[in-house]
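Dock the two chains into a complex; use the hints.
Chains C and H, in that order, give the protein sequences. For what it's worth, the numbering used here labels the leading residue of the first sequence as 13, then goes sequentially. For what it's worth, the numbering used here labels the leading residue of the second sequence as 190, then goes sequentially.
If you're looking for bench data, these hints aren't it; they were derived computationally from the structure. None of the hints are false.
Restraint-style ranges between C-beta atoms, simulated for each label pair:
1) H:Phe225 x C:Phe32: 48 to 56 Å
2) H:His545 x C:Phe32: 28 to 36 Å
3) H:Gly605 x C:Phe32: 46 to 54 Å
Remember, predicted model here, so these are calculated numbers, not experimental data. Just so it is clear, CB atoms sit at the ideal spot from N, CA and C, and this is done for glycine as well.
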Amino acid sequence: MENILSILVFFPAVAGLLGFVIDKESARAYGITVATIEFLLSLWLWFSFDMSNAGMQFVEVIPLIPDIGVNYYLGVDGISLFILIMTTLMTLIGMTSMSITTNIKNMIVTLLFLEMTMVGVFVALDAIIFYLFWELSLVPMLYIIGAWGGPLRVYASIKFFLYTFTGSLIMLVGMLFVAYVYHNLTGVWSFAITDWYALVLPVNYQLWLFAAFFIGFAIKVPMFPFHTWIPYAHGQAPTIGSVILAAVLLKMGTYGFVRFSLPMFPDASVMAITPVAVLSLIMIIYTAMVAYSQKDMKQVIAYSSVSHMGIIMLGIFAMNAEGISGSVFQMLSHGIVSGALFMLVGVIYDRRHTKLLSEFGGLAAVMPKYAVIFGIMLMAAVGLPLTMGFPGEFLVLLGFYQVSPIMTILGGTSIILGAVYMLRIYKQSFFGPVTKEENKVLSDLNNKETWSLVPLVLIVVWLGVYPKPVLEPIDNSVKAMLNFMDGKAITQEAKDMIKVSTSNKEVN
Amino acid sequence: MLQPINVSLESLNLITLAPMLITIAGGLIILIIDLFNNKLDKSLYVMLTVLMLFIDFGAVLGLTVNERGFFDVMLIDGVSIISQLMVIGASMIFVPLALTSKRFHEYSYPEFFALFLFMIAGFQFMVATDNLILIFVGIETASLALYTLIALHNRSNSYEAAVKYFTMGALAAGFFAMGSAVVYALTGSIELYKVAEVLAGRINETGLMISIFGSSVLLLVAFAFKLSLFPFHTWAPDVYEGASAPLAGYMSVVPKIAAFVVSIRIFGMYIDLGVEWVRWIIIILAVLTMTLANIMALVQADVKRMLAYSSISHAGFIMAAMAFDTTEGNTAIFLYYALFMFTNLGAFAMLWISRHKKRRFNARYDHPYEKFSGLIKIMPMGAVIMALFMLSLAGVPPFSVFWGKIYVMQAAVNAGYIWLAIIMGLNSAIAAYYYLKLVVYMFLKDPIKDVDTVYYNISKPLMAIIGLATIATVAAIFYVQPLVSYFYYMISASGY
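With the rest of the complex left out, here is chain H (with noise of 0.2 Å):
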C-alpha cells in the first residue's frame, strides 16, 4: 500500500521561491489591473515593474546564501545571488526607458510589462537552481517572453528579428535537451551536484569520454546560441536590430548573465572533472568569438549593428574569463557585466533617443553612422555623454569597462594565460577603432543639413536614466572595490 506522501512545510523552505513568486505575481497584478480598467497609462505600469522589482530586489538580498530548498531543486548560492541583483538591476534600469516623448506600439500594451515580470521570474529559476530541468524550464519560460517582447515592436523587421531568435532560440533549447538526456543517461540524474559525484567516480571507465565528450558539445551549442559565440552568433545582429534599441541593449546583458551562470555551473563542473578539452573548447571559441566579432563590428555601416557586434565581442572576452576555472576568473564575469551593463544600456539609451517614430533614416538603417555626425553642434550634451559610453567600451581608463577589462586579464595572466591575455589587449585595440568611428563622426564631422534633428524621443525619464548611466560609467573607479570584493565573496563562498 502506498504510504501518503508526508512533506513538512517547514522543509521546503518556500522561501527560496519567494523572489519569483514576486515578479509572477506582479505580471498578474499588472494584467488584472488591465481588466478593470485598460484606459489607464503606461506610466502607471511602468512605474508599477519598477515597484515589483524593488521588492524583488529587497526578497532577494533577504536570501541566505548556500540554502536548497523545494526538494532541493531550488538551490540559493552567492552566484545565483548576485546574478539575481544585477538581473534585477539592469531590469529596473531598462523599464523606466519606455516613458518616451513619443508613443509607441508596444508599450501601450500592459500586456508587455507583464511579459516583462515572467521573464525576469524566467531568468531568476534559471539561476537559482542546478537542476537541468528547472533550468530548461526557465530558459524556455524567459526565451518564449523575451521573442513576444521583441515581436510587439511592431515593424517589419522586428518580426522578422523574432522569428529568427524564436528558431534559434528552439534549435538551442533541442540541443540543450538532447545535452541533458545524456547527462540522464550517463549518470541517472538531473542535479548537477549528484551528476559531478557520479561522473567523478565513473571519470576513467573506457568508452564513457565519447559520452560525456558529447554531452558536453551539446550543451556547450546550446550555450554558444545563448551566449552568441562564434559560429552561433549570426542572429545577433538581426535580432539586435529589429528589437527596440533598449531592448537590444537589454538582451545584451541580461540574458547573457543568466546563461553565464548556468555555463559556470555545468562547464566549471566539466572542468573541474579534469575533462581539458572542454576548456580548450572553451577557450578558442571565446578567442574566435571576440576577433571575429570585432572584424565584423569593423565594417558595420549602423551603429546599432556595430554594437551588437560589439557585445558579442564583449561577451567573447568574458567568455574566456570561465575557462580559467578560478575565483578570480568567475568573479571576473561578474564584475565585466555589471560594469559593462551601465555603459552599454546607456548606449543603447541613447540611440533609442534618437529614434524617429515611424521613418527610418535611410532606406535600409534607423541609426546610420551618418545621423550622428556632427552631434557636438546639434546637442553637445548628448555627444559628450555618447562619447564616454564609447571610450568605456573601448577600455580607455578610467572609465567602467576598463576596470572589467583589467580584471579579466590580470585573472587571465594569474591562471597563466599571458597570450591569452595578450589576444585581449590587441582586441581592444582593434575594438577602439569602430567605437573611435563614431567619436569622429560625433565631434570631427558636419552635421548632414537634411537632418532636422535627432533626439526626437528625449524625456526626463529618458535623461534621468542616461544620467544615471554616465554615472555609473564615470565614477566606475570609486564603487570597483565594493563590488569586487561582494562578489569575490559570495563567488568563493558558493565555491566556483
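Only chain C is shown next, with the shape it has when bound in the complex (with noise of 0.2 Å):
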C-alpha cells in the first residue's frame, strides 16, 4: 500500500462524514472503532517503513494547481512517523477515556475531523497542504472548546483561533515569497517542501523568513510572550480538548520548527539561537514557577505542560543530532503523559466538579489504583529514570550542553522546578488523611478509564526503559538532516555550529 499516508488521511475524513447518520446512542462505539482502525493503519506504517532509511518514504505527488506550484503531496520520515502514531494513539485513547455525554455524536464527528487536519500537518510536504491542514485544525478545536468547555469558553475558544489564525497569516506570507524566490531562481512555481530545502537563500532573506515562520510556530507551541491563549484554552477546554491539545496540536509549533525553519534557514536558526534558547528558557522557568502558584489542578498540568514545551524547543535549537533528537523523543513523551495527567485531571473532575487542589487530599487512600497511575504519569513528567520522560530531557541537556553550559544548568534547573510543583500537587492531594468528607466515598478508576490508562503507562515504561526502537529512526533522519544543513549553511559560524555526527558522514 503505497498510498497509506493518503488513507490515513482521509479515513477519518471520511468517517466523519458518515458518523453524522450514525445513531447517537451508537456513535460513541463507531468513534472508538475508527480510532482503533486509525491506529492501526498507523501501526502498519511503522511497520513497513525501512527503518534504515532516513529521507522521505511512502512520497505521493498529485498536482492540484500546477499554475501557481500546489500540489498534493505526503510523505513520512522517522521525524513525523512517530508523531503521526502519537497522534492517532492519543486520539483514540482520548475517545476511549472521553467522559462527556451531552451531544455525544456531534463530540465524534468533531473529533475525527480534527484527527485528519492533524495527521495532515504531519505528513504534507508541500507548505499549501501543510498550511491547509494547519489552519483546518483550528476549526473543530474552536467547536470543541467553545461548545463542551467551561463558562468562559467562547472567550477561550475566539482566543485561542485568532492568536493562532493571525500568526499563521504571517507565515503564510513567508511562504509565498520562498516560492517567489524560488520561481525567480528556478522559473518554476513550487510549494514543495524538499524542493525549498535545495534553495540557498542569503543571510537576510533567510533572517526575514525565520521570523515570520517564528511567529506562525512560536504562537503554536507556545513561545514565551505568545503562550497567553493557553492558560484560558486548557482552563475552559473539556478533557478531551485539553489532551489533544496539548498531546499534539502543540507538537505542530515543534514540529513546524524542525520540518521548516532548521533545514530551509540553517544560518539564521544559528543566529537565531541564543533568542531562541532565552525565550525557552524564561519559558521553562517561568512557567514553572507559575504553575507553583496555581490553585487549580488542571492549571497546574497546563503550565507545567508549556515548562516542558521550552526543553523540547531548548533542544531543536541545540543544533545536534542529541539535541534534536532528544526533542523529538520529548515531543512523543510530552504528548502522552501531558495528554495522561490531563486525562487524570479528568476523571477527578467526573467524580468531584471541581480541580482546586485544596478541595483534595488522602486520595491514595480512596483511590489507589488513580493514585498510582497518577505518580508514575508524574515522575514521567518530570522526567525520571526508566520513564519516558527521561531520555529526552536527557539528550536534550546533553545536546545543549555543546552549546551553553550555563544555559542547560539554567535548563536543567526546570527539572527541579517541575519536581517540586509536582511533588507538591501530589503530596497534597494524594497522601495524609483524607481530609474532605465528600472524598470518602469517591470511587476508584471504572474499567474504561483503567484501560485507557494502562497502555499509556505501558508505553511510557517501556520507551522508558528501552527507547531504541523509536530513537534509532528518528536520530537517523535527524543526522541527515544536520548533515543536509551543515552542506547547506553559508556562514562559518553555522558550519561550526551544526554539529554533525562523525559516524554518519563516514556512512556516507
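And the structure:
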C-alpha cells in the first residue's frame, strides 16, 4: 500500500462525514472503532517503514494547481512517523476515556475531522497543504472548546483561534515569499518543502523568513511572550480538548521548526540560537513558577506542559543530533504524559466537579489505582529515569550542553522546579488523611478509565527502559537533516555550530 | 457636396453587439408577454430570464478574442469576455433566488425581470468597450435599472437605500463625466487606446502633469464610489441593508466586477504611462478601505451590515491587486471575484431564507446576530453551510476565498509589495473575528426562545442554489487550476 498516507489522512474524514448518519447512542462505539482502525493503520505504517532509510518514504505527489505550484504532496520520515503514531494513539485513548455525554455525536464527528487535520499536518510535504491542514485544525478545536468548555469557553475558543490564525497568516506571507524566490531562481512555481530545501538563501532573507515562520510556530508552541492564550484554552476546554491540545496541537509548532525553519534557514537558525534559548529558558522557569502558584490542578498541569515545551524548543536549537533527536523524542513523551495527566485530572473532575487543589487530600487511601497511575505519570513528567520523560530530557540537555553549559544548567533547574511543584500537588492531594467528607466515598478508576490509562503507562515504562526502536529512526532522519544543513549553511559560524556526527559522515 | 456615408455591414462586425442585444431582446420579450397576459406567475419570468442569460452566456463564449466592432467602439478582448461570463454567471445564480416560498412584492412585477436584463446589458456594454462615452452609457443604464430594482422591494428603508444610492451614483456619474471631459481636453479623444497614444507623446510636457493628475483624480473618485472604496463607501451598508438580501449580495459582486474592468482599463493606462502616484493612491485607498471597513464590521450588530462592510473590505483587498499592474495582479482580481461570488451570494441567500415577509426581528434590524443563535439546533444543515461560507470568507483553507486570497497575496509578493501582503494577512485575521462571531452564535449559543423559526423562505430552488454555492465553496481546490489558467490566458491575450 504505497498510498497509505492518503488513507491515513482521509479515512477519519470520510468516517466523520458518515458519522452524521450514525445514531447518537452508537456514536461513541463508532468513534472508538474508527480511531482504532486509524491507529492500526498507523502501526502498519510503522511496520512497513524502512528504518534504515533516513529520507522521505511513502511519497505521493498529485498536481493540484500546477499554475501556482500547489501539489498534493505527502511523505513521512523518522521525525514525523512517531508523531503521527502518537497522534492516532492519543486520539484513540482520548476518545475511549471521554466522559462527555451531551451531544456525543457532534463530539465524535468533530474529533474525527480534527484527527484528519492533525495527521495531515504531519505528513504534508507541500507548504500550502501543510498550511491548509494547519488552519483547518483550528476549526474543530474551536468547536470543542466553545461547545463543551467551562464558563468562559467562548472567549477562550475565540482567543485560541484568532491568536493562531494571526500568526499563521504571517507565516503564509513567508511561504509565499519563499515560493517567489524559488520561482525567481528556477522559473518554476513550487510549494514543495523538499524543493525549498534546495534553496540557498542569502542571510538577510533567511532572517526575515525565519522571523515570519517563527511567529506562526511560536504562537502554536506556545513560546513565552505568545503563551497567553493557552491558560484560557486549557482552563476552559473539556478534558478531551486539553488532551488533544497538549498532546498533538502544540507539537505542530515544534514540528514546524524541525520541518521548516532549521533545514530551510540554517544560518538564521544558528543566529537565533541565543534569543530562542533565552525565550525557552524564560518559558521553562517562568511557567514552572507560575505552575507552582496555581490553585487549580488542571492549571498546574497546563503550565507544566508549557514549561516542558520549553525543553523541546531548547533541544531543537541545540543544532546537534542529540538535541534534536532528544527533542523529537520529548515531543512524543510530552504528548503521552501530558495527555495522560489531563485525562487524570478529568477523572477527578468527573467525580467531584472541582479541580481546586484545596479540595483534595488523602486520595491515595480512597483511590489507590488512580494514585499509582497519577504517580507514574507525574514521575514521567519530571523526567525520572526509566520513564519516557527521561531519555528525551537527558538528550536535550546533553545536546544543549555543547552550545552553552550555563543555559543548560539553568534549563536543568527546570527539572528540579518541575519536581517541586509536581510533588507538591501529589503530596497535597494524595497523601495524608482524607480531609474532606465528600472524598471518602470517591470510587476508584472504572474499567473504561483503567483500560485507557494502562496502555499509556506501559508505553511510558517501555520507552523509558528501551527507547531504541523509536529513537533510532528519529536519529537517522535527524542526522541526515543536520548533514544537509551543514552542507547548505553559508556562514562559517553556522557550519561550526551545526554538529554533524562523524559516524554518519563516514557512512555517507 | 457631402458624400453619403458608406459603411459596409461587414466592417461593423455586429456580432460583437450580439450578447447585449440578446439581453435587451429578452427584456422586451418579457414586457410583451406581460402585455398579452398579466396573470402569469413569477416562475415563468424567472425561468425566461435564466434562459435568456443562458443564450447570452453562449453568445459571449462564441466571441473571438481581440476584436473591435461597431466603428471600433466595441472592444472584445479577453478581459471583457471573462467579465461578461462572470456577470452572466452570477446573474444566473441570482435570479432563481426570486423563487421563495413566500411572495415578495418586487417579483410580482415582470418589469423586475425586464429591468434586470437591461441592467445586465448595461454591465456588458461597460466592460466591452474602451470608449469613455459608451462606458458612461453602460454605467448609467445599469445603475438606473439597479436603483429601481432596489426600490421595488417596497419597504421604507429600500426607498431610502434607492435614493441614497441614486444620489451617490449621480455624484459619481458627474465626476466621471468631468474626468472624461478633462481627458478629452488633454488628448482630443475619448477612446482609451488613442488617449494612451497621445498622452505617451505628451507626458513630459511642462504644465501638463496637473491636468493628468486632475483627470485621474476625478475618474478615481467616480470609481471609488462605484467600488465603495474609503472614503466614498458610506452609502454601501445602508444600501445593502435596504435592498433585499439577494440583491445586496448581487450588488457586492457584479457591479464591482464591471467597475473593476473599467478601472483596469483606465488606471492601468495611467500606471503604464508611468504616472506613479496613481498607483500609490490606489494602494493607499485599498489599504484604508480594507482596514477601516474591517474595523467597522467588527462593531456591527446586524449580520447583513456586517457582510456589507466585509464586502467593502474584500473590495479593498482586491483593489490593491490592481495597483500592481501585472498580469498576475489582474488575474487575481478576476479569480478572487469568481470565488468570492459563490460564497458571498450563498451567504446572502442564507440571510434571504431567514427573512420574514413582514415582521422584522427587532425594531431596528432584520438579521441581528441573535437571530442566528443556536441555529445548529434549529436547522443543523443550514448552520453548517452558513459556517462554511463564513470560514471561506475568513480565508480558512481549503475553502474558495482562501485561494483568491493566496493568489492576491502571491501577486503582491511577486510585485515586490511584501509589506502589503502582510497588511492583507493581518486584515484577514481581523476579519476572522466577525465571521467567527456569527459561527459562535450559531454553534455555541442557545436559541432565543421566542423565535419560532428562522427559515421562513426556504424552497427547493433556493436550496438548490445554496447547495450549488456550497459545492463551489468547498470544492474550490479542484477548479482553481482551470480557472486560473483560463483567466491568465485571457488577460495576457488582451495585454493587461
